[in-house]
Every structure is written in C-alpha cells, then in structure tokens.
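Chains R and L, in that order, are what the protein sequence lines are.
Counting from -6, one number per residue, gives the positions in the first sequence under my numbering.
Counting from -6, one number per residue, gives the positions in the second sequence under my numbering.
Quick caveat, the hints were computed from the structure, so don't treat them as lab data.
These figures come from a predicted structure and were not determined experimentally.
Identical copies look the same in the list; a pair holds intra-copy or inter-copy alike.
SDA-like cross-link-like pairs, simulated, lysine to any residue; straight-line CA separation at most 20 Å:
{"hint": "1", "residue 1": "LYS104", "residue 2": "GLY60"}
{"hint": "2", "residue 1": "LYS264", "residue 2": "ARG296"}
{"hint": "3", "residue 1": "LYS256", "residue 2": "LYS318"}
{"hint": "4", "residue 1": "LYS198", "residue 2": "GLY85"}
{"hint": "5", "residue 1": "LYS125", "residue 2": "ASP279"}
{"hint": "6", "residue 1": "LYS69", "residue 2": "ALA298"}
{"hint": "7", "residue 1": "LYS81", "residue 2": "ALA91"}
{"hint": "8", "residue 1": "LYS256", "residue 2": "ILE204"}
{"hint": "9", "residue 1": "LYS264", "residue 2": "ALA298"}
{"hint": "10", "residue 1": "LYS198", "residue 2": "GLU246"}
{"hint": "11", "residue 1": "LYS44", "residue 2": "GLN160"}
{"hint": "12", "residue 1": "LYS201", "residue 2": "ASP0"}
{"hint": "13", "residue 1": "LYS318", "residue 2": "GLU11"}
{"hint": "14", "residue 1": "LYS198", "residue 2": "ASP0"}
{"hint": "15", "residue 1": "LYS69", "residue 2": "GLU11"}
{"hint": "16", "residue 1": "LYS81", "residue 2": "TYR307"}
{"hint": "17", "residue 1": "LYS69", "residue 2": "ALA91"}
{"hint": "18", "residue 1": "LYS201", "residue 2": "GLY83"}
{"hint": "19", "residue 1": "LYS201", "residue 2": "SER89"}
Below are the chains, spelled out letter by letter.
Protein chains: 2
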Amino acid sequence: MSQLRKDPILGRWVIIAEDRARRPTDFTPLPEKPSKGICPFCEGNEHMTPKEVYAYRNPESTPDKPGWKIRVVPNKYPALRIEGNIDKRGDGVYDSMAGIGAHEVIIETPKHVVSITELSNEEVADIMKITKERMLDLKKDKRFLYGMLFKNVGAASGASLEHTHSQLIVLPTVPIRVQQEMNGALEFFNYRGRCIFCDIIRQEKDQKERIVYETDRYISIAPYASRFPFEVWMLPKYHISHYEYIDDSDLNEISNCLKTTLKKLESTLEKPPYNFMVHTSPFNTDNVEHYHWHIEITPRLTRIAGFEWGTGFYINPVPPENAAKFLREV
Amino acid sequence: MSQLRKDPILGRWVIIAEDRARRPTDFTPLPEKPSKGICPFCEGNEHMTPKEVYAYRNPESTPDKPGWKIRVVPNKYPALRIEGNIDKRGDGVYDSMAGIGAHEVIIETPKHVVSITELSNEEVADIMKITKERMLDLKKDKRFLYGMLFKNVGAASGASLEHTHSQLIVLPTVPIRVQQEMNGALEFFNYRGRCIFCDIIRQEKDQKERIVYETDRYISIAPYASRFPFEVWMLPKYHISHYEYIDDSDLNEISNCLKTTLKKLESTLEKPPYNFMVHTSPFNTDNVEHYHWHIEITPRLTRIAGFEWGTGFYINPVPPENAAKFLREV
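Given the sequences, and given the hints that come with them, work out the whole structure.
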C-alpha cells in the first residue's frame, strides 16, 4: 500500500508508492515516445487492463469484452487504492496517512486514436458526461475530498500510452495547489464581493487581446500570467464552481469549444505534447461563490529548470498576447 | 525589456521574456542532449560570452582573456536586466512590474568538465566563495529582494550547455515558493519555538534511516516527503539562515559533503540529469531564527505530468529510506 506523506515545511503531500518500488538501475533514460506494441486500450484487448468499473457500452455486450464506446478501468499501477482506513499518524515532526483514494483511467474510444480532436462532438460530450458521472459517484465516499481529472498527451507530458485517455485521481485530502487557488479566490471575493474568474472573463472580453476562441457560454484564453508558451485556459462564461455540476445540455457546446481550442494548438504547434487539468472545487463544498471550474491546457515546449523549481517563478518566452493571436488566426 | 506579471488568483509571478519572443515554428522538439560544437565557456573562448562582471583570475591576466579560475558573466539571454525602475502597474485585475533584476552565469572552471565532482575540494570551495560574494554584492542594491542560485545538469534538467556552470537570478520580489517555505517555517517556530530544519536534522540523526552522508557540520538526507526518486537535501547541522553568511572556514567541509553526495548520486544513477537549488532567506532579512539555508538536489528520472501540475502532489515511486540506503552504501 502506498503512503501519503506531508512535507513538514510546506504542508505539501507526496504519494510514496511503495508498490512501485524500483532499484536505481530501473531508471533508464526517459522515453522520447510513448511505447508501441500491442495497445491495451484498443477494442479486443480488454483482457490487458484491470476489470472495468464502468462503461458506456452496447446493452447486448458483456463487461470487459468488445462492444463499448468508453471504458473506465482502475489504473494498472495505481498511485492510491480504494480499500482501507485513512490511518493518520505522526512520527516526530512528520505526518502520514494511508494511500487510499481512487485512480481510474478513462479509455475514451475503442479506436486507436491519439487525440480527442479526431472524435466527433458527440463522442467528446460522452467523455465529459462519463467523467462527470465518475466524480459524482466517487464523491459519495466521504473519505474522499478531491477529484483531479487530467490528461497527459505525448511522452514529454508524462504519457506512457498514446491511445487517447484521461485519468481521475481521487484524494483523501484537498491538494495544496487547489487550496492555494481557493484561498486566493476567496481573498478576492471577500475584498471585492465578486468571483475573480468572472472578473477575468469580463476583462478579457473587453480587452480582446488574449481570447483564443469563444462560444455562447464558453471561452478559451491565453492567461495574462501564462507560465508556459501557448498555455490556454478554457472557462465557462457563467459562474459555476464544480465540474460535475455541468448541465448535460451544455456538453455539446463545451466539446465544441474544447475541440476547437485543441485543434488550434495542434495545428499551430504541430501536435505538441501537453497536459490538461480540470480545476474544480473540493468534494466537501457546494456551489462556492468564489471559485469557478476551468480547464488548464499547458503545452510542454520548454523544460522546467532549477530556477522554476526553486522559486515557483516561471520564465515564459512567448507573451500570451502573441500566443493568442497565433491561435486565433489559425 | 521583459515584464513580471502576477497571477491574480495564486499571487505567483511569471517572467514574460519578450526579448526572447519566438514564433510557434521555433519550438522544435526538446533536445535530448546539451548542444555540442565550440564551447563558449572554455578557456580561450571568452569572446563568445558577454563581458565578465567578476572573476578569480591570475593577477597578470586581462579580463575576458585566458588566465582565470572562475568567471562570472551576465547570461547571454537574460530573463531580467539590471537597469531600470521597477515600474509597478495595475491593469484591471492584473498587476505587473518591469523585468529588472540580475541574471548571471558562474563558469566554474576553464576546463571542459561536466560535473563539479571532477574538480578538487579547493576548486569547489572557490565556486561557493564566488557565489557568496556575488550574493553579497547584489543584495546591496535595495531594489532586489531575493537571490536564487541554481544549477541545471543534463538536458532533461533544462541545461543547454554541458560545461559545468551555475546561475544566479536576482529578483525584485520574494518568490512565492520561498515565501511559502518561510511562512511554513515561521508557523512551526511560533508554535514550538524551534527551527523546523534543526528539528528535522535532530530526528534524522536519531532515526538514521534517511541519512545519505554527513561530516562534522553538514548532512545530506533523503527528505521524508521526497517529491522525486533520489531527491537529496544538504543542510548545515548548525542554525544559519543565509547562504551568503557561510564562514569561509567552512567552505572546504561543505565542498567535501557536496561533492561526496553528488558522487554517490552519479554512481548510483549513472550520471543522472539533476537540478540543484540553494534555498536561502530573502535579502531584506537578517539572521532569521526560523529559516535554515540548504541545498535541494533533485535528479530528473521521472516526468512531471498533469496530476502533479494540477494538485502540487507528487507521486514518488522510490521511498526515501530505500534511496538513502542505496546512496549510503555506494
């Protein structure tokens, strides 16, 4: 069983995944490309993954057999496990808890497709619907406080398989990065009485310099303080705190906005590696006035070096206004 | 001139380096190896770098000519520039300031050597002495609040040249990562009346499980909540808040502890890429009771993916107790 340990200075948690324990010689140079060979996510290879926990499939079909549209399976090498007690402990200045939580993989299509931009709007809408449903299901377990939905695309982003998929990691604690974001947004709300994300959207619509794409109810922008070249955030234009509260009637429009944004990145940067993170409110909150769910998309075009690690500062060689202009015009 | 911009939610600053502005097509895949070709850091190639600001050199030699032991030059592509006013501005919800600061490169030897472990203890002690002197000199400028000394080794760590060198970036603001560390340490100090780093050292010496190496006055440990496989911190065993306050009589011993620690990493992991960051107190503080300077060394053996970016959580497949054991025994 893995263990969660808290850094006593920063309060940041790490997952020490003992099940994955490796010897130093196991660290070969990092792979340049996701591994080839037989794809465990393709239709017909269902036996290569752990047993599915949920799926959208043909009603006549059998679990873990062909006939599905989207499959949700536990990660084969889970960072956290669903069974067990939280078992909080102290040891002098150190604190730990058991590595409980969930680590699921959403296999987004039975076809060997490497980007959701190759799927139809309806297929992408179904992916969002199933991830919403997984969040709603897992948050019923009161041991869990946060669900992090993310996607790694390309080897440089940390992906080990190219077949398009997302991951959902559910945690027994609210992560520090989320807590800092919630605190910052709350501070602004207490001072100004408004959601800072709503204010940002208002200012971006006025200034027009950093808009990448928008639909009636969604908008993609290159954020003012972009950490990375061509970083893009996609936000609902109306106030909504939780990803899992999206109305099903909105899913087609989000899918359009998301696919168009990703297509623009893929065509401007020639299919870059990227990470995709859904930022949403913790499970133990409800309709938060000061927080606004959104997606952060960060292409991996530059390396993070000692300066960034040591300071939390980022050096971005592409002003977001330039990035947005390239992306708008493509 | 580059610009510092503040993320309105997190309060995190980024450097938008407009001087480095590039087109999307300039982002070729990330290089696997630092560039080869003529090395601008080798003796005889002094004309290939900006003019030196400081050096340890033979008294008969001329600046920017051969005859030096260590050279300090401005970065050829500086993230920040020394001239100008801080020019703080607001624009709606956004804040910015001018990209002033310093960005220096410490060329650690005239020989084409790729690791400081190939240098003598005296040579490494001289490197620490010169970086200390640069910190003391730059902190006289009251516009500057923090000096970040770091080293990138190997392409995967962000290094673009292999000839051993460090960088010093001096900032007009205290970085958020440092502020969070100072705040965490202060909270502990206020509660317990002791420096948390001193407490950590005490506990590590008792438990002995995570010690990598120690001398009389310095210690290397695999931190309890290591983010990365084989992460190592080196700390003075006595309380001292600022790197630039190290007594010159200690430099030989630090060099020994540092070189031995790095040699252990190099031999266990076959010369891994790594980042090396000096964590020290801000320039506008003096003999802080709650903070303790140290060096964080993070080998780059795994990729950072969407989960880490979104949460600030890290998944580490190697328990620090195992890492320390491998490193101790090598």
